[in-house]
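Visitor: Keeping their order, the protein sequence lines are chains A and B. Heads up: the first sequence at position 266 corresponds to 266 in this note's numbering, and the numbers run straight through without jumps. Heads up: the second sequence at position 108 corresponds to 108 in this note's numbering, and the numbers run straight through without jumps.
A hint or two may mislead.
Residues of chain A placed beyond 12 angstroms of chain B at every Cβ, according to the derived structure [unchecked claim]:
1) Glu95
2) Ser100
3) Ala103
4) Leu123
5) Glu125
6) Leu133
7) Thr135
8) Tyr191
9) Asp203
10) Gln246
11) Glu255
12) Gln258
13) Lys264
14) Lys271
15) Leu273
16) Arg276
So, partial list: chain B residues that the calculated Cβ filter (under 8 angstroms) puts toward chain A [said to hold, decoys possible]:
17) Ser62
18) Leu79
19) Asn80
20) Glu121
21) Thr287
22) Asp289
23) Leu613
24) Pro616
25) Ile617
26) Lys618
27) Arg619
28) Lys621
FYI, nobody ran anything at the bench for these hints, they're computed from the structure. Backbone N, C-alpha and C define an ideal beta-carbon position, used for all residues, glycine too.
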Amino acid sequence: MAGAHTGQAGGRHRVAVRCPEPFPGHGAEVERKMVNLRPRRSRRTLSAGKALDRGDEEEDSEEEEPAPEFPNGGPGAETMEEEGEEEDDDEAPEEVTFASAQAEAKEDERRLRDALRRDKALLKEKRKRREELFTEQKKRKLLPATLLEKLTSVPQTKIKKSLPRLEKGNTESEKKGKKEKTFPIRVKKRYVACRLKDQDLIDLRQQAAKGFIQKYLYGRGSNRTTVNKFLSLDNKRLPVKKPAVQFVNNNWGTERKQGAKKFKKQWMHKKKLASRRPNIT
Amino acid sequence: MGEFKVHRVRFFNYVPVGIRCVAYNHQSNRLAVSRLDGSVEIYNLAANSFQEKFFPGHEGRSTEALCWAKGQRLFSAGLNGDIIEYDLEKLGVKYSVDGFGGPIWSMAADPSGSYLAIGCEDGSVKLFQVAPDKIQLERTLERQKGRILSLSWHPSGTHIAAGSIDYVAVLDVRSGNTTQKMLMDKRHPGSQRRRCVVWGVAFLSDGTIVSTDSAGMVQFWDSETGTLVQTHPLASSDVLSIAVAEKEDSMVVGTAEGTIFHFQLIPSRSDGKQSQWVRTKPFQYHTHDVRSVAHSPTALISGGVDAHLVIRPLMEKVEVKNYDAALRKITFPHRRLISCAKKMQLLLFQFPQRLELWRLGTTDAAGKNEDILPLSRNAEHLLQLKKKGPENICCSCISPCGSWIAYSTASRFYLYRMNYENNTVSIKRVSKVPKFLNSALQILFSADSTKLFVASNQGCLHVVQLSEGALKHLHTFHPQSGTLEAMSLLAVSPDGNWLAAAGMSSGVSIYDLKHLKPHCAVPAYNFPVTALAIAPDTNNLVIAHADQQPLPDDKTPLFNQHSLREASENIRRRHAHAFKISKKFQPLLFMDLLDEGTLVAVERPLEDIIAQLPPPIKRKKFGT
Numbered sequence: 001m002a003g004a005h006t007g008q009a010g011g012r013h014r015v016a017v018r019c020p021e022p023f024p025g026h027g028a029e030v031e032r033k034m035v036n037l038r039p040r041r042s043r044r045t046l047s048a049g050k051a052l053d054r055g056d057e058e059e060d061s062e063e064e065e066p067a068p069e070f071p072n073g074g075p076g077a078e079t080m081e082e083e084g085e086e087e088d089d090d091e092a093p094e095e096v097t098f099a100s101a102q103a104e105a106k107e108d109e110r111r112l113r114d115a116l117r118r119d120k121a122l123l124k125e126k127r128k129r130r131e132e133l134f135t136e137q138k139k140r141k142l143l144p145a146t147l148l149e150k151l152t153s154v155p156q157t158k159i160k161k162s163l164p165r166l167e168k169g170n171t172e173s174e175k176k177g178k179k180e181k182t183f184p185i186r187v188k189k190r191y192v193a194c195r196l197k198d199q200d201l202i203d204l205r206q207q208a209a210k211g212f213i214q215k216y217l218y219g220r221g222s223n224r225t226t227v228n229k230f231l232s233l234d235n236k237r238l239p240v241k242k243p244a245v246q247f248v249n250n251n252w253g254t255e256r257k258q259g260a261k262k263f264k265k266q267w268m269h270k271k272k273l274a275s276r277r278p279n280i281t
Numbered sequence: 001m002g003e004f005k006v007h008r009v010r011f012f013n014y015v016p017v018g019i020r021c022v023a024y025n026h027q028s029n030r031l032a033v034s035r036l037d038g039s040v041e042i043y044n045l046a047a048n049s050f051q052e053k054f055f056p057g058h059e060g061r062s063t064e065a066l067c068w069a070k071g072q073r074l075f076s077a078g079l080n081g082d083i084i085e086y087d088l089e090k091l092g093v094k095y096s097v098d099g100f101g102g103p104i105w106s107m108a109a110d111p112s113g114s115y116l117a118i119g120c121e122d123g124s125v126k127l128f129q130v131a132p133d134k135i136q137l138e139r140t141l142e143r144q145k146g147r148i149l150s151l152s153w154h155p156s157g158t159h160i161a162a163g164s165i166d167y168v169a170v171l172d173v174r175s176g177n178t179t180q181k182m183l184m185d186k187r188h189p190g191s192q193r194r195r196c197v198v199w200g201v202a203f204l205s206d207g208t209i210v211s212t213d214s215a216g217m218v219q220f221w222d223s224e225t226g227t228l229v230q231t232h233p234l235a236s237s238d239v240l241s242i243a244v245a246e247k248e249d250s251m252v253v254g255t256a257e258g259t260i261f262h263f264q265l266i267p268s269r270s271d272g273k274q275s276q277w278v279r280t281k282p283f284q285y286h287t288h289d290v291r292s293v294a295h296s297p298t299a300l301i302s303g304g305v306d307a308h309l310v311i312r313p314l315m316e317k318v319e320v321k322n323y324d325a326a327l328r329k330i331t332f333p334h335r336r337l338i339s340c341a342k343k344m345q346l347l348l349f350q351f352p353q354r355l356e357l358w359r360l361g362t363t364d365a366a367g368k369n370e371d372i373l374p375l376s377r378n379a380e381h382l383l384q385l386k387k388k389g390p391e392n393i394c395c396s397c398i399s400p401c402g403s404w405i406a407y408s409t410a411s412r413f414y415l416y417r418m419n420y421e422n423n424t425v426s427i428k429r430v431s432k433v434p435k436f437l438n439s440a441l442q443i444l445f446s447a448d449s450t451k452l453f454v455a456s457n458q459g460c461l462h463v464v465q466l467s468e469g470a471l472k473h474l475h476t477f478h479p480q481s482g483t484l485e486a487m488s489l490l491a492v493s494p495d496g497n498w499l500a501a502a503g504m505s506s507g508v509s510i511y512d513l514k515h516l517k518p519h520c521a522v523p524a525y526n527f528p529v530t531a532l533a534i535a536p537d538t539n540n541l542v543i544a545h546a547d548q549q550p551l552p553d554d555k556t557p558l559f560n561q562h563s564l565r566e567a568s569e570n571i572r573r574r575h576a577h578a579f580k581i582s583k584k585f586q587p588l589l590f591m592d593l594l595d596e597g598t599l600v601a602v603e604r605p606l607e608d609i610i611a612q613l614p615p616p617i618k619r620k621k622f623g624t
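Okay, chain A solo, but in the shape it has when bound:
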């Protein structure tokens, strides 16, 4: 199992997990099985015996590995081993003193620790922000206290005014504290109040059932036509052809026609007023 790859801070962290070898020949494949686990420190520092806040299982599995692989022990031996793997030539390894290697190792360790701290801080901040977001959303869901006050004080005055408008639901307006459809007119239009009693009539299953009938009788494959065309068929076959039954569409442009009527009324009223007070120049 001489293939334990070291992990580098910031790079792609891999750990070779030692799985029990069923057959001796399978060592190579097991070795290749890489599992992406949490970022961890360089393996070099492990054996230095520093306190780790990693999972114990990993530690255990890790610690088992270096032991048989590096019978010499010590970081120096590891570096030599690693460098040896990287170079393919048969040159003699470089001469590195123990002190420099130790200093290097310490620096790496420090860098890793800083990186860890930064990561932790980032995560903490993220968590904090999410918490804030959740509380804000929750607050937004419940109506603000001011709005509730407004709603409970409005019923008395709104009832008298809304009696002439006899829409559905106004019978309960005498009772206090019930939300009504008239409220959204006074309040900002983000809320629509509706009675729970009315919701009973809108059953989802009933809607689905009605949709089934609609689909099969009037849906895509059905051979339907408009009433106008249906009734005009006879007119088309007469010896003297007559126009369709609903030849003129009276519903066309209703808004424009209504607007025109209103304008005409206003204009005539203006003219009448103007003629009553003649301009004496």
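Given the coordinates of chain A, assemble chain B onto it according to the supplied hints.
Guide: Frame of chain A; chain B shown alone:
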């Protein structure tokens, strides 16, 4: 008949609701019809197909099936998942029971009338036992895959045929298992993706199952072996309904194109041993889908989306060829939907979900006979009153002076006070309505608008005094005969002394209003009363019966007058004898005398109704 100025009103935009289910009761010769808005009507076929009873609809109800059970009980089931029993005496809903299977698509009573089977959305067929005062879930038969759209009992009550999407299943009632499952051939001529929906099934006593489906075919299956015996491709659109006669020698099916086909069992060999089902006659009386058909011993009955109820007597079954043997097409309701405030020239229109108040137009011109006079002021739509709550409006009335409007739903009574100043109308609700006025079947105001008469569904008649702000209960007349029969018609004499009330099968009772006690009763006649009126000067009571023979009844002397409260749906305005028939009008809904020289007639041309119906099936005609 003198000369009148006639206001011909055509702005009553009433569209009758389409018919969804039809159910015929053999014992009493009555027909129950349910419509798409949940209202149910009962027609007395023996009495010239008069609409006897009316149950107003409900927004949450959407009936899909209607059936009669033992003892003249009427049940309906719909897409809201409830089974409703109707109280035929009090004209209301007795109770409703949840089917626990989701929306209910079909319901059938077994031949003995003591069990009800319902077909639900989840594919289960549930059996309910009909107990004297309620129904109870007894068992659930084996659950099928897909919604059960049609059900039929075998005449012996041992098996049930259930039609669903793409198959028909035969269930054994005792064990609950599926004995046979017949799969439909997906030979749909149009698009390939649509599945074959079995809209109707019928189970015959020899084990043949007849199924009608959305591919336009009527197929005969053998229930023992599950094989197809015969197939009749009838139309290219859906065949929506099927009904078999009691004797099982004739059958009627209705299609989506509006055609109904009559099938008859004809002996194929001369010795009569073997017989075959043959399609004999097509009838085209509808323009839109025929959603439901029924077969009475002598007639074929069909109803559909175009809201016509067509009763077609079969010529070979009818013994006496008289007026009864003609085709009957019933489009309009047989109740009064319009009331008139004579002094203010206002009309109140009752729709199922709102009331509209209109003022009649006026004309200053004068003309001769048959002239159409121009309007100086058009008719005005003054007020639209929407109903409160999910129930539809049952009855309504406006007082002759125009200052009170009252209407009632199945459970509540509403009264409003009106104010007309300058050109504006204001309305105010009278909120303190007494407790006993909870639901009314008929409402009437006295001629001087001081009294209100309410016929409640308990059978009593309430007299309430109206004043500026309050209501005072004057008296309640209880039914004399001891039966809780609801009153269907009311009439008050113009001088305010007499009140006549007609029950459904009992005669007309007359009450004295000055002394507040019952006066006398006109004996019951064979046919129910359709219209009632009391003459102004003479206090004569004019009663019109369903057989169209008006009986001028002399209570206190002198002659007749011609103010009818409602008119039938055909063009004949009145009957012969002392009256004259005028055929000038379009189908009339209402006619009243405004004052000594003016009549108002509300017409509803049939073309205007058809223009507002849902789309029909396309018919291909050569050359268009």
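Visitor: So Ser100(A) supposedly isn't at the interface. Is its beta-carbon more than 12 angstroms from every beta-carbon in chain B?
Guide: About 78 angstroms separates Ser100(A) from the closest Cβ of chain B, which puts it past 12 angstroms; holds.
Visitor: If I take the minimum Cβ distance from Leu133(A) to any residue of chain B, is it greater than 12 angstroms?
Guide: holds, 41 angstroms
Visitor: Using the nearest Cβ pair, does Pro616(B) come within less than 8 angstroms of chain A?
Guide: At about 5 angstroms, which falls below the 8 angstroms cut-off, the nearest Cβ of chain A leaves the hint on Pro616(B) intact, so it holds.
Visitor: So is Glu125(A) really clear of chain B, every C-beta pair being over 12 angstroms apart?
Guide: Check passes; 51 angstroms lies beyond 12 angstroms.
Visitor: Does Gln246(A) clear chain B by more than 12 angstroms, comparing its Cβ with all Cβ atoms of that chain?
Guide: The assertion about Gln246(A) is violated, with a minimum of 6 angstroms to chain B.
Visitor: Would you assess whether Arg276(A), listed as outside the interface, keeps its beta-carbon beyond 12 angstroms of every beta-carbon in chain B?
Guide: Per Cβ check, Arg276(A) is outside 12 angstroms of chain B; nearest 21 angstroms; holds.
Visitor: Please check whether the beta-carbon of Glu95(A) is more than 12 angstroms away from every beta-carbon in chain B.
Guide: Glu95(A) clear of chain B: closest Cβ-Cβ about 81 angstroms, beyond 12 angstroms.
Visitor: Is the Cβ of Tyr191(A) farther than 12 angstroms from every Cβ of chain B?
Guide: At about 23 angstroms from chain B, Tyr191(A) clears the 12 angstroms cut-off, so the statement holds.
Visitor: Does Ile617(B) pass the interface hint, meaning its C-beta sits closer than 8 angstroms to a C-beta of chain A?
Guide: holds, 6 angstroms
Visitor: With 8 angstroms as the cut and Cβ atoms as the points, is Glu121(B) at the interface with chain A?
Guide: This hint holds: Glu121(B) lies near chain A, its Cβ roughly 6 angstroms from the closest one there, short of 8 angstroms.
Visitor: At 12 angstroms, judged by beta carbons, does Lys264(A) keep clear of chain B as stated?
Guide: holds, 16 angstroms
Visitor: Just to be careful: measuring from the Cβ of Asn80(B) to every Cβ in chain A, is the smallest value less than 8 angstroms?
Guide: Nearest chain A Cβ about 6 angstroms off; hint holds.
The earlier numbered hints that this structure contradicts are 9, 10.
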